[in-house]
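**Student:** Sequence:
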Amino acid sequence: MASEFTRRVRNIIAAIPEGSVATYGQIAALAGNNRAARQVAWILHSSSTAHKLPWHRVIGSGGKISLPRQKGYEEQRSLLVLEGVCFNSRDRIDMNRFMWNPEHIDDVE
DNA sequence: TTACTGACCTTTT
DNA sequence: AAAAAGGCCAGTA
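Using our numbering, the first residue of the first sequence is number 12, and each one after it goes up by one.
Possibly wrong hints are sitting among the right ones.
Here are the simulated EDC-like pairs of lysine to aspartate or glutamate, each with C-alpha atoms no more than 20 Å apart in a straight line [said to hold, decoys possible]:
#1 Lys75 / Glu29
#2 Lys63 / Glu29
#3 Lys75 / Asp102
#4 Lys75 / Asp105
#5 Lys63 / Asp105
#6 Lys75 / Glu85
#7 Lys75 / Glu94
#8 Lys75 / Glu86
#9 Lys82 / Glu114
#10 Lys63 / Glu86
#11 Lys63 / Glu94
Estimated spans, in silico, between C-beta atoms of each pair [as the list claims (entries may be wrong)]:
#12 Arg103 / Pro28: 14 to 24 Å
#13 Lys75 / Asn45: 12 to 22 Å
#14 Ala61 / Glu86: 27 to 37 Å
Honestly, the hints are just simulated from the structure, not real lab data.
Keep in mind that this is a model prediction, so the values were computed, not measured.
The beta-carbon is built from N, C-alpha and C at its ideal position, and this holds for glycine as well.
All chains, full assembly: derive it from the sequences and hints.
**Tutor:** Shown next as structure tokens:
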């Protein structure tokens, strides 16, 4: 349960500023395992509501939303747009401008 | 303990 | 270009 990795992931996601987005792989890398991108998604599922994490700021690689349209694709896209994130014709985010560039993460513990 | 799942990522067809 | 397969890790049952 909630290993250091998981705890760090939640911290990272909570530290994502509005108007910026981060990819699972990037978060996983910041957490210490760039191969645990899948786990990041699962952590989101598990702790998004519980920890009030901005899950909508977490996207897949290339700026594409991972959620199916039936599940929450529209919701996430709307939230991102409200925060100022622009989408391309292909429903993709401009990683050039919106990908979160973490300078340093302050570990709560 | 093992087995299954998961909002992924990368490479290959 | 799009689609499929493989590989990786952590959490839950």
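**Student:** Take the hints in turn and mark each one as holding or not.
**Tutor:** Consistency of the hints with the structure:
Taking the CA atoms of lysine 75 and glutamate 29, the gap is near 18 Å; set against the 20 Å cutoff, the hint holds. Proposed proximity of lysine 63 and glutamate 29 is supported: the alpha carbons are some 14 Å apart, at most 20 Å. For the suggested pair lysine 75 and aspartate 102, the alpha carbons sit about 7 Å apart, so the restraint of at most 20 Å is met. A threshold of 20 Å between alpha carbons decides the hint, and for lysine 75 with aspartate 105 the separation of about 10 Å falls inside it, so the pair holds.
Distance check on the hinted pair: lysine 63 and aspartate 105 sit about 25 Å apart at the alpha-carbon level, beyond 20 Å; violated. A hinted pair counts as satisfied when its Cα atoms are at most 20 Å apart, and lysine 75 with glutamate 85 qualifies at roughly 12 Å. Our distance criterion of 20 Å between C-alpha atoms is met by lysine 75 and glutamate 94, whose separation comes to about 17 Å. Taking the CA atoms of lysine 75 and glutamate 86, the gap is about 14 Å. The hint holds against a cut of 20 Å.
Between lysine 82 and glutamate 114 the alpha-carbon distance is near 32 Å, which puts this suggested pair outside the 20 Å criterion. With a CA separation close to 16 Å, the supplied pair lysine 63 and glutamate 86 stays within the 20 Å bound. The hinted pair formed by lysine 63 and glutamate 94 meets the criterion: a straight-line CA distance of about 17 Å does not exceed 20 Å. The given range of 14 to 24 Å is respected by arginine 103 and proline 28, whose C-beta atoms sit roughly 20 Å from each other.
A C-beta distance of roughly 18 Å is found between lysine 75 and asparagine 45, which places it inside the suggested range of 12 to 22 Å. The hinted range of 27 to 37 Å is not satisfied by alanine 61 and glutamate 86, whose Cβ atoms lie roughly 18 Å apart.
In the structure shown, a violation is registered for the earlier hints numbered 5, 9, 14, in ascending order.
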